[in-house]
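A.B. asks: Line order of the protein sequences matches chains A and B.
For the first sequence, the working numbering assigns the number 1 to the initial residue and increments by one for each residue that follows.
For the second sequence, the working numbering assigns the number 1 to the initial residue and increments by one for each residue that follows.
A portion of the hints provided could be inaccurate.
Derived lysine-lysine pairs resembling DSS-like cross-links, with alpha carbons at most 25 Å apart [said to hold, decoys possible]:
# : chain 1 : residue 1 : chain 2 : residue 2
1 : B       : K161      : B       : K6
2 : B       : K137      : B       : K161
3 : B       : K137      : A       : K178
4 : A       : K178      : B       : K109
5 : A       : K65       : A       : K43
6 : B       : K124      : B       : K137
Just so you know, the hints here were simulated from the structure itself, not pulled from any lab data.
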Amino acid sequence: MTRSLPIRAAIVSVAILFTFLMAWHIATRGTGTVAQMDPEYAKLMGLTATQGKSAMPGPIDVGAKLWEHIRQPFYDKGPNDKGVGIQLAYSIARVAIGYLLAVAVAIPIGFLIGMSPLMSRALDPFIQVLKPISPLAWMPLALYTIKDSGLSAIFVIFICSLWPMMINTAFGVASVRKEWLNVARTLEVGTLRRAFTVILPAAAPTIVTGMRISIGIAWLVIVAAEMLVGGTGIGYFVWNEWNNLSITNVINAILLIGLVGMALDQILARAARAVTFPE
Amino acid sequence: MAVTDKFVSLEGIAKRYPAPGGATTSIFENLWLAMNRGEFTCVIGHSGCGKTTVLNILAGLDTPSDGAVIVDNLAIEGPSLDRAVIFQGHSLLPWRTVMGNVAYAVSSKWRRWNAAQVRAQSQKFIDLVGLTGAEHKRPSELSGGMKQRVGIARALSIQPKMMLMDEPFSALDALTRGTLQDEVRRICQETGQTTFMITHDVDEAIYLADRIVLMTNGPGAVLAEIVENPLPRDRARIDIHKHPLYYAVRNHIIDFLVMRSRTFVGVTPGFDPRHVPVVRPGFAEPTVAAASITDPSPSLPGLTRQSIA
Ligand SMILES: Nc1ncnc2c1ncn2[C@@H]1O[C@H](COP(=O)(O)OP(=O)(O)OP(=O)(O)O)[C@@H](O)[C@H]1O
Ligand SMILES: [Mg+2]
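Just chain A, with the same shape it has in the complex:
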């Protein structure tokens, strides 16, 4: 076999997927008639009882449902029946707003911490205490003060995205190579220009790494937050479909959450590649 590594890897991936789908299909398919009963009663009991079919949907059910969702992602039939595209759009919008707010706050503060040893020491205890708090622990406080479930979810995203970005920015800024700073100093470059022309490009790879960690956490947290606050969003959708006992939809939602999370990560990975410089 002289095929290139990516092609061979793709073949293995497809094989794993196929094996998984087959196993899933076999494990959940019906085993034929298991009990003789009155047809009326059988109708009442459903296929689970009569055909030995598992309550767990098989890959074909899920695929069919997924196709339905893809064909009609944005329908809106009232609060409990919206297209999955709309739900995802709500979640992405919340994540985007909370995350961008966090970027706007975390990066300047990170710069301040990284550039000033005084501020670094002064802010350290606050960061150490605030960082390990589960973002969902803020939820009741947010609901009480903001009095709006949508905004509370955004606040939770904001607070959980803040720390990785702030800490990485501070670290990146503080560890800019001294020789580069000395270049700027011998050229009598002012503080602001130095921050933008030397420190920012030098720390950018570390900062973007922090941003990548944050977007991952934000996407994890939004599902849980929306399960709590309800109303709209993919997290609410999962919970709602659980209440409807539609496992097919739950599995679909899980799949979509994974795909969107991957897409968000890829965007940041691309940004990381753009700001990385070879030495």
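Go by the hints and put chain B with the ligands onto chain A.
C.D. replies: Just chain B with the ligands now, with coordinates in the frame of chain A:
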């Protein structure tokens, strides 16, 4: 030399670092050195004796624990565009191209210049160091010699009054080093640069420098001697070693590095750091090395001594 020529002077500078156990290590104490306008001074000394520290203090990047640096009759208070530094590592900004690195310096010096002016000035100095055509390369795509040349172009492009060079050629192969030495010498002479350069290479020092400062080993390093270069100012690199005084200077310096740099402070009790002896080797060249190995005292036969006032 007239006192009025004095452009830069180190006045009693010291550098100390805290050592474990509350003590302090003194890298050097009470260094005095004056440099005239347009003069090329080289410092030679063993690794770790404090050469880079002296250069950083001259540049204003480091502050002395004691003493002051006077430039143009004023004590310096930090780095200045008048004193360009070529760093020991090339320290180019890796995310900028060759043009970007030079242009960064140019636009820092002339902040009101438009892009075309900055570009023209940068191009001039990129051409000068022979990097025409490599403007859009990033430092990672350059060879060691090319990086070093970008560093030189960057330093020259701001047309400083003084150049501070920290082993600028040490990472280069002999051929590139020779070419760059020629270029630096030509540029410094043409622009009347005052230059302070650190080197480990004795031949390089003799080729480039008007005066070679010999620094003893640290801690507690001192400037032991200032060797005045007796070779003619229009010396050429190819036949410099044929000059009758060449080996006298060379042997004197190597002898210092091998023998006396370690013991100098101990065997010279009355040493006055304010008046570093100035030496012009070369009146009885063959005896210099031999004599000094057996007798490291300051009064060597074959050397004339004078003192800077
Ligand atoms: N921050 C520091 N703390 C303690 N000692 C230091 C510090 N920085 C430098 N030194 C010491 O100062 C001395 C002089 O260092 P310097 O870099 O000036 O040496 P150098 O003469 O330039 O050596 P080389 O030829 O290897 O470049 C060294 O012995 C080094 O250990
Ligand atoms: Mg050094």
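A.B. asks: Tell me the numbers of any earlier hints that the structure contravenes, in ascending order.
C.D. replies: 2
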